[in-house]
Amino acid sequence: MDWNLFLQLLVNGLIVGALYGVVAMCFVLIYKASQVVNFAQGEFVLIGAWVCWFFLTKYQIPFIWGFLMTLVFMVIFGILIQVVVLRPMIGEPVISVIMVTIGLSIVFQALMKWAFGVFAQPFPPIFERESVAVFGLEVRTVYLVSLVVSVGIMAGFAYFFKATRMGLAMRATAFDQQVAQSLGISIRSVFAMAWAISAAVSAVAGVVVGVVNGVSSALSFIGIKVFPAVILGGLDSIVGGVLGGVIIGVLENMAHFVDSQWLHWGNLIEVVPFWVLIVILMIKPYGLFGTRDIERV
Amino acid sequence: MRMKPMVLTAAAAALIAAPAAAQQKINVGHLADYSGATSDVGKPFGEGVADAMAWINKNGGVAKRQVNLDTVDYGYQVPRSIATYKKWTGRDKVVAIFGWGTADTEALITFVSKDQIPYISGSYAGSLTDPTGQAEKSTAAAPFNFFYGPSYSDAARALVTWAADDWKKKGGQGKPKYVHMGANHPYPNAPKAAAEDLAKELGFDVLPAIQFALTPGDYTAQCLTLKQSGANYAYLGNTAGSNVSVLKACKNAGVDVQFMGNVWGMDENAAKAAGNAADGVVIPVRTRTLWTDEAPGMKTVREIGGADNYRPLHYIAGICTAFYIKEAMEWANANGGITALKIRDGMYAKKDWVPKGMEGVCVPSTWTKTDHRPTTEVQLYRARVTAATDAPLNDLIKSGAVKMEKVTVVNLPRKPEWLGW
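Protein sequences appear in the order of chains A and B. Under UniProt numbering, the residues of the first sequence are numbered 1 to 297, in order. Under UniProt numbering, the residues of the second sequence are numbered 1 to 421, in order.
Misleading hints may appear alongside valid ones.
[What the hints assert, rightly or not] Listed next, the in silico DMTMM-like pairs over lysine to aspartate or glutamate satisfying Cα-Cα at most 20 Å (straight line):
#1 B:Lys251 <-> A:Glu130
#2 B:Lys251 <-> A:Glu138
#3 A:Lys58 <-> B:Asp395
#4 B:Lys177 <-> A:Asp2
#5 B:Lys114 <-> B:Asp92
#6 B:Lys227 <-> A:Glu138
#7 B:Lys351 <-> B:Asp395
#8 B:Lys175 <-> B:Glu196
#9 B:Lys227 <-> A:Glu92
#10 B:Lys356 <-> B:Glu294
[Said to hold, decoys possible] Just so you have them, the derived chain A footprint on chain B, three or more residues with Cβ under 8 Å:
#11 132–139
#12 264–273
#13 387–393
Hints listed in this document are in silico derivations from the structure and should not be mistaken for laboratory results. Note that beta-carbon positions come from the ideal geometry of N, C-alpha and C, so glycine has one too.
So that you can see chain A by itself, here it is in the shape it has in the complex (with noise of 0.2 Å):
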């Protein structure tokens, strides 16, 4: 057994995962606002990530303040998109709305190929060292700040939801919309602020995918690698998303070095999450850490 490569697959799949983690906690915030699962989460990923490309390319701006205003551009982006089209959508049964999010992926995708092309660009050099050694593993320093800024998006999420007066409204809001309503809380506004959260936090996970693969439509794919991670954390549990992408990111590479070391089957990396998430669901319905919908007739 290679114990080297081992472990240079396991720091890969905890900061891969890590990534997931993060566009994942987006899946899960809106559907605890809204109960609406987004299934265009992958094109806001990749808005993100064009629009970050081209404030830098186009304008020559240095990436924090591109970076930057990609996510004011994001805020408005997912505002917009919840007041346009979401907003007529409240009371509508929930089928209704989740075809809405699938229809809107599939404008998405088509606006971004007409708009920005089919062919992957390159995002213009962001860090002075491209990578940096983490236990022998060569690892992109944009996924180090990543992790690092991920790791501080989920603290401002714990802050947001236990201590402020917004957070506290989502939460009361995800327990019960009517019950939230009859008590004075805008649902229209914990709504808004939802995907407009959503839309930001996506961002960053398209500017760190696009900085390391270069930016193409196919990058909205990652939306899909990462539903068994929001499904095997629970979906209405902000630290079981971010868990569930840990765990994604290692099952993968940990079920590749398997598939590498012994089996050679072929794609183990693409299917083990998905066979996992069965069995998990198997055992738990609702998840690792959802909530349990307990109904009494």
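With chain A fixed as given, assemble chain B onto it according to the hints.
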């Protein structure tokens, strides 16, 4: 008062002439991937085909008839390709089809054989090269399938042949190690067995294949495995988009391996996206010239593509593909009429054939009733990236930051046992 009968007569004449004019058009289908998983290479190739046909129409058409090219972006979805095929053959009565991917082309083999429609794909799978289905390793007959360029298998064989030579030239000790990389999908898998077989024959140690998806992603895990395996030559079976991710991840992981791409695995756009990670990748090219090269046929190519725009290598291959069909149609017209069957016969009419106007650009090709391998000559090029690539492609080519250098030409033997495989 005399105007009225004149106008009525003119209108009646127009009404009669309109269907006749429409009948004169030659209906041709064009399946392209402008938005799907392979759009990064599907777009320049599809544009090459469409622009060439537009140019042909502008310059007199085929035997004075206009080609009505119906381009459909099917997004690399097999069910959509089948639905589009049914429309073309049912309502539109097309006489030829330009196709695209391996999965959809293979799915349509039985349809085109039954309907007897020449189908010129962007897939170069070896399985499409045997029109009789009688060859030793052939799985099925593909009598109406054509493509321009070396088959995936022959291109991979040429790369392996070059690699064996390269290993010797570099003074490599012992057996070099070869590994196939790509998605578990009909297109990357098409040349796998053929290339691995030749690699073994040439003295390579063939390692277990490493899989990665057709979409861009994080492929650090695959690169770490590649590094640990000690491979010397790695074949990238996917299209450019996902190959770019692998090249970048492997560069970062410090993998010291000679990458070899398939025909769709690398081009000027991919070299720009991958930056210095693409430097040194060796790929097969289907034409004898790139956009910046000179040859008599490049005048026509530049007229088609617009002299000021740099066009990637897939675009020129698309033009060649279209011109072969144009000449097959002209032959059909002179020998009984432009029908699907006659166009097929037109593909067999000439030997070592370069379409008129494409001299020095397209590789001389021959299709026969028993062998649909147009050529076994494989041009190998090496991607060179020597500076930052965050500028428009035109500028990068002009400055020389991105270029494709010719490495060698491999002339493979036309072995009967390689037919259909």
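Now for the hints, and whether the structure bears them out:
The hinted pair formed by Lys251 (chain B) and Glu130 (chain A) meets the criterion: a straight-line CA distance of about 11 Å does not exceed 20 Å. This hinted pair checks out: Lys251 (chain B) and Glu138 (chain A) have alpha carbons roughly 10 Å apart, not beyond 20 Å. The hinted pair formed by Lys58 (chain A) and Asp395 (chain B) meets the criterion: a straight-line CA distance of about 15 Å does not exceed 20 Å. The hinted pair formed by Lys177 (chain B) and Asp2 (chain A) meets the criterion: a straight-line CA distance of about 19 Å does not exceed 20 Å.
With a C-alpha separation of about 17 Å, the suggested pair Lys114 (chain B) and Asp92 (chain B) falls inside the 20 Å cut-off, and the hint holds. Under the criterion of a C-alpha separation no larger than 20 Å, the hint pairing Lys227 (chain B) with Glu138 (chain A) is consistent with the structure, at around 13 Å. Restraint check for Lys351 (chain B) and Asp395 (chain B): not satisfied, since their Cα atoms lie roughly 40 Å apart, outside the 20 Å limit. Among the hinted pairs, Lys175 (chain B) with Glu196 (chain B) is consistent with the structure: their alpha-carbon atoms are about 14 Å apart, no more than 20 Å.
Taking the CA atoms of Lys227 (chain B) and Glu92 (chain A), the gap is near 53 Å; set against the 20 Å cutoff, the hint is violated. The straight-line distance between the Cα atoms of Lys356 (chain B) and Glu294 (chain B) is roughly 16 Å, inside the 20 Å bound, and the hint therefore holds. Given as covered by chain A, the region 132–139 of chain B fails the check, having 0 residues with a CB less than 8 Å from a CB of that chain where 3 are the minimum. Using a Cβ-Cβ cut-off of 8 Å, 4 residues of the region 264–273 of chain B lie near chain A, which meets the minimum of three, so the contact claim holds.
Against chain A, the region 387–393 of chain B contributes 3 residues with a C-beta closer than 8 Å to a partner C-beta. That satisfies the three-residue criterion, and the hint holds.
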